[in-house]
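2 protein chains.
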Amino acid sequence: MCLITSYSAYAEYRATGDLGVVIERAKGSVLIINTSQRTKLSQIQALGDLSHASVVFSRDQRYAFIFGRDGGLSKIDLLQDKIDKRIIQAGNSIGGAISQDGRLIAVSNYTPGGIKIFSTETLELVADIPAEYGDHKLSKVVGLVDAPNQHFVFSLFDAGEIWLVDVNNPKKPIITKFKGVGKQPYDALLTPDGRYYIAGLFAEQGLALLDLWNPEIGVKRILSDYGKKDEKLPVYKMPHLEGWAVAGDFMLIPAIGQHQVLVVDKRLWTLVKRIPVAGQPVFVMARPDGRQIWVNFAFPDNQQLQIIDTKDLKVIKSLLPGKAVLHMEFTPRGEEVWVSIRDDNQLVIYNTESFKEIKRLAAEKPSGIFFSSRAHKMGL
Amino acid sequence: MCLITSYSAYAEYRATGDLGVVIERAKGSVLIINTSQRTKLSQIQALGDLSHASVVFSRDQRYAFIFGRDGGLSKIDLLQDKIDKRIIQAGNSIGGAISQDGRLIAVSNYTPGGIKIFSTETLELVADIPAEYGDHKLSKVVGLVDAPNQHFVFSLFDAGEIWLVDVNNPKKPIITKFKGVGKQPYDALLTPDGRYYIAGLFAEQGLALLDLWNPEIGVKRILSDYGKKDEKLPVYKMPHLEGWAVAGDFMLIPAIGQHQVLVVDKRLWTLVKRIPVAGQPVFVMARPDGRQIWVNFAFPDNQQLQIIDTKDLKVIKSLLPGKAVLHMEFTPRGEEVWVSIRDDNQLVIYNTESFKEIKRLAAEKPSGIFFSSRAHKMGL
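Which chain is which? The protein sequence lines are A and B, in order.
Under the working numbering, think of the first position of the first sequence as 1, with each following residue one higher.
Under the working numbering, think of the first position of the second sequence as 1, with each following residue one higher.
Keep in mind that the hints were calculated from the coordinates and are not lab data.
Chain copies aren't distinguished; within one or between two, either way the pair holds.
Below, a list of computed lysine-lysine pairs in the DSSO-like style, where the Cα atoms sit at most 30 Å apart: (1) 220 with 266; (2) 172 with 137; (3) 137 with 179; (4) 359 with 172; (5) 172 with 356; (6) 377 with 314; (7) 311 with 266; (8) 220 with 179; (9) 311 with 172; (10) 323 with 27; (11) 171 with 85.
Given the sequences, and given the hints that come with them, work out the whole structure.
Here it is in structure tokens:
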């Protein structure tokens with residue numbers, strides 16, 4: 001019997017190590033791309049509202065899970081170029097994470113405030129964790145990440161809390177709540193070793209730090225003095241902490257309300273340096289070897305890209321890729337970077353050593369770029 | 001026209017993110033395995049002498065390149081379960097590396113001493129670099145790794161040199177030689193950030209350190225005092241430095257001729273602690289989050305496995321998996337570890353938090369275990 005159909009995966013052998021997904025936010029579609037050939041493989045449509053969409057990958061790298069702003073959770077099959085499953089799981093969601101073992105997907109929701117946990121295989125609901133605080137109020141959830149030993153960690157924007165959830169038994173999640181961590185945590189990061197969870201605070205100075213090796217110590221405040229005396233500039237776009245950067249002993253994070261990248265000593269958690277940059281940083285991302293940090297900016301400076309050399313902690317290059325540079329993603333070993341330019345409807349690929357432009361690809365209002373190598377990383 | 005053949009990749013969709021290769025050294029075969037299903041997918045035979053074989057993966061994770069002791073270089077297709085190409089490129093080889101861009105494979109040879117560089121696509125010879133020293137002698141080459149910006153780094157055992165090779169133009173490699181680095185470098189490691197190349201010395205104390213961010217400074221000696229006054233125990237098997245472990249600020253390496261794991265401060269390059277272990281350590285490997293270090297041993301202690309907790313730098317667990325524990329490989333996010341037990345003809349899978357045995361699989365005299373997630377890492 002002949003099993004051939006029109007699906008491309010039958011007609012070709014397709015490996016999944018060099019694939020990626022690009023969000024086309026206005027159209028509600030995604031592109032499946034190949035970073036070795038630097039080509040578009042297909043476009044998947046009808047994925048709902050993809051403004052502020054993010055993506056995680058199954059541990060075999062076959063499936064991409066797309067978190068839409070409208071509460072949609074879509075499972076894309078990267079081998080068959082199609083939607084495998086799609087559900088609407090909430091009214092308004094902001095992102096998600098995949099468990100260490102790859103069997104669970106957690107989504108962080110604004111309305112109703114909380115997280116929901118689904119089976120990656122079936123997208124069936126496994127656990128529902130409302131972010132309840134005070135007098136039965138529900139908080140927006142932000143900064144949701146996976147952590148070692150089958151944990152998820154997230155922050156409650158309205159409650160000023162950080163919750164640590166053990167899902168070794170997903171039917172009976174064990175929740176540890178850290179209260180009073182600071183006003184309005186707006187995003188968070190997990191260090192690449194999975195040890196430190198750090199939430200940025202919008203309504204207070206400093207950041208909230210949780211050491212997952214010593215959770216009994218509780219959450220402590222770091223950098224609580226930074227910017228206290230500085231005049232705040234208007235913030236047109238919130239910086240993303242998940243675009244954090246760890247390089248050697250330093251962590252580089254976007255300042256908020258200031259045109260600076262902050263350099264933090266990650267042993268002492270002290271501010272080492274402020275690097276002046278072209279605007280309000282949005283993503284501050286390290287090349288995989290940590291030698292370079294690439295920075296993009298909020299409006300009105302979002303036509304620019306700046307590169308910091310971590311050897312001297314100085315800006316060594318400024319690029320003008322086009323109108324509205326929204327996101328960057330490095331190839332797994334860092335030789336190239338893909339950049340999305342929303343208002344030019346293009347993706348640009350740069351060589352990270354020569355800064356030469358290698359190729360441009362058409363895309364409809366591209367925003368987030370996510371490569372399948374993320375499947376093997378913690379905290380994304 | 002119907003394209004169907006008997007190859008399994010036609011009959012199933014196979015993603016490549018959770019695949020691996022296990023060396024069956026005595027038979028000259030390898031197993032292709034799946035770490036999500038914990039199953040064997042196929043066995044590929046007729047690969048020559050696989051004693052001391054190692055493996056790297058193409059950047060799309062479709063192909064595994066196997067370096068045999070007999071100079072064989074085999075390219076295995078993980079989607080079609082077959083040998084794609086195989087050549088005999090030297091008389092005696094010890095390992096290899098794949099370039100940052102995935103287009104070049106370098107093999108380190110004992111006879112003739114040197115490295116050869118091949119196209120990953122065709123296995124055609126691109127460059128031949130004899131390890132010539134002194135009076136036209138050729139040195140055995142060890143510790144070959146890939147490094148950022150299309151470089152390879154390796155050590156000359158007989159010459160006591162470290163060579164840095166820029167292959168941005170593979171037809172015209174640019175070689176920088178560091179001489180007099182120490183007697184008999186026997187293996188080397190690259191730190192995960194791709195910055196430091198460290199070679200172990202067999203006939204001298206200490207290790208040779210090359211900072212790839214500052215190569216003009218040259219190679220410096222570190223830990224030159226360690227073990228000077230200690231009585232040396234016989235070394236039945238050379239430790240592997242590629243089984244290095246970086247955890248937070250520390251690097252853990254196997255002592256040589258001593259039943260110890262050495263803890264090095266990787267900012268000051270000083271010896272912080274010696275951890276007594278059950279025998280001569282062979283592989284000292286960090287779980288991806290750096291919280292645990294798993295150690296196996298040379299004969300006569302090779303039935304044991306010990307686990308060090310890097311929070312306290314103490315052995316917290318000892319396991320007896322079986323006869324002749326040769327190698328370990330962690331799943332990409334560290335929830336499980338696969339262990340090869342040569343003389344029991346088995347692979348054992350452990351959960352790394354509970355240390356519970358999850359499954360055993362039959363394998364013929366298994367040695368090295370290599371997962372496809374290595375495709376996205378530097379220096380392996």
